[in-house]
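Trainee: Line by line, the protein sequences give chains A and B. Using this note's numbering, you'd call the opening residue of the first sequence number 1 and step up by one each time. Using this note's numbering, you'd call the opening residue of the second sequence number 1 and step up by one each time.
Derived by calculation from the structure, the hints in this document are not laboratory data. All residues carry an ideal CB built from backbone N, CA and C; glycine is no exception.
Chain A stretches covered by chain B per the calculated footprint, using a threshold of three residues with CB under 8 Å from any CB of chain B:
hint: 1; segment: 153-165
hint: 2; segment: 218-224
Which chain B residues stay away from chain A? Per the calculated CB distances, all over 10 Å, these:
hint: 3; residue: Arg55
hint: 4; residue: Arg56
hint: 5; residue: Val57
hint: 6; residue: Phe61
hint: 7; residue: Trp62
hint: 8; residue: Asn66
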Amino acid sequence: MNDVMQNPASFRDPRGSIYQVDQRILRTVMPVAAADFDFVRSSGLIEKLINSGKLIAEQQVDNTILGEVGQSASYVLEHPRLALISYPYEWTFAALKAAALLQLDIILEALDHGVMLTDASAYNIQFQGTQPIFIDHLAFRRYQPGEIWQGHRQFCEQFLNPLLLQAYLGVPFNHHYRGALEGITAATLKKLLPFYRKIIPKVFLHVVLQSSLQKTSSSDAVKVLPKINMPLDGLRNLVKGLRRWISGLHPHKITVSTWQNYAQEHTAPTQKLALVTEFIKTVQPNIVYDLGCNTGIYAKTALQAGANNVFGFDGDHGALEQAFNNAKSEQLNFLPLVMDLVDPSPAQGWANLERQSFTQRAKADALFALALVHHLAIGKNIPLSQLINWLLDIAPQGLLEFVPKSDPMVQELLRLREDIFADYTEDNFLQCIKQRAEIVKQVRVVGSERMLVWYSKKNIKM
Amino acid sequence: MHISKYLPYCLVFTAIYLISAPAYAYLDPGTGSVLLQGLLAGFAGVIAVLKLYWRRVKQFFWDVKNKICSKPMTENSDNRPSNNP
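Whenever a hint applies, use it, and build me the whole structure from the sequences.
Mentor: Have a look at this one:
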């Protein structure tokens, strides 16, 4: 039998866990959850959600696939493998908003089927292109008449409050979220919001009042809890109210960021687009990473040339917001994510295993790093050899661009500082690549001294 | 200040008026959220009751209206036998 590996993020719910066998993703449904599981299935909700693309597909498989683990489970399900697991602290505002709306829509649909959700974790949502998809089949259970929304606090912390931080204060939520994996508490947001925001009834209710009441001792809440009888309509209205509110949220004062207009002001050289197309058609990659994706021009070109999934990474919130909205309106299988490439997402959470680092998760068939290397090497002092090694570890094949010191963009980076980058030369750049990969193609960008390099590690034995 | 401090609690405790509903999962809903929803449940309960009564009020007027509208017919039908002894 093959190795059965429990997913290190799947430990909170005793009702079942996620396992990996080879490349297959399997879920146990333990006896404690079997009755709820049967009820939810018989309600027709799961089928409906899967058919509408809101819930990840599942197929029941033989328990023996999980060996001993399978023996103790009531059911074993198999789910399709996602191209990349991303975390809410890597999402754009538009992505977190789409995920929040999906979470609320699923609750409303579940209630129509006499079903409720056990929690409201943002980590239960993943993306296929710009489409959010719910992945936790064990989050569903039978609705108990009169119950409150158990996941309300979690929803506020993991969806609402981060969105409000960015919508009302103009502070992107990503760094704060990454620093507090469970989300932004009402108490934190209450301290940050100005008075005129706090008196908005919705803000007062979900942030100010919730935060004030949170200070009550939990023994008082325990006394109250059994006496609360939330009418179903009240529960629905609570969810619908949040849905309406979140639908109308937008990033604060849509100011143009540094790189947002870059793509509009600088048309992508046709030569570069042609090389991207040729590269994709030749390599035929399933998963492509576009590092420094900006608004996603090359991602779109890659998809048009036949790539299946493209993930973009960039640090510029404005450009990423635009990338997400473009991809959504054009229905591209492209997900732009917030990532400072010199400080990529770390391994964190329980035992430092719960949320994987970017490097652990990064499994691309191909990558682009176009007009990126100079920003990291000169803008952030990353030694060229280390940078090339890091890039080459991410994907076996790719396109890299070298922008020399004579280029106006690099001149701009060096304007206010001493040039301490003796290693930053085209020769050294090519040499660093050649140490680990072969250069399939090398193209000089017409009208500049920039160099495009197509590398491949396929025939190199390490 | 003191009023605003105790107001939520007063509201919570006055809002809680009906029978229980257990079934709680592994997630801690948080005291703030529980009490807040106690309030909302209270309001929702009040609204549900008002709706119920509103329906009764509407039904009452509907019945009255029906009675008035149908009166001439019933009068005729009632009167007919009495007018024709």
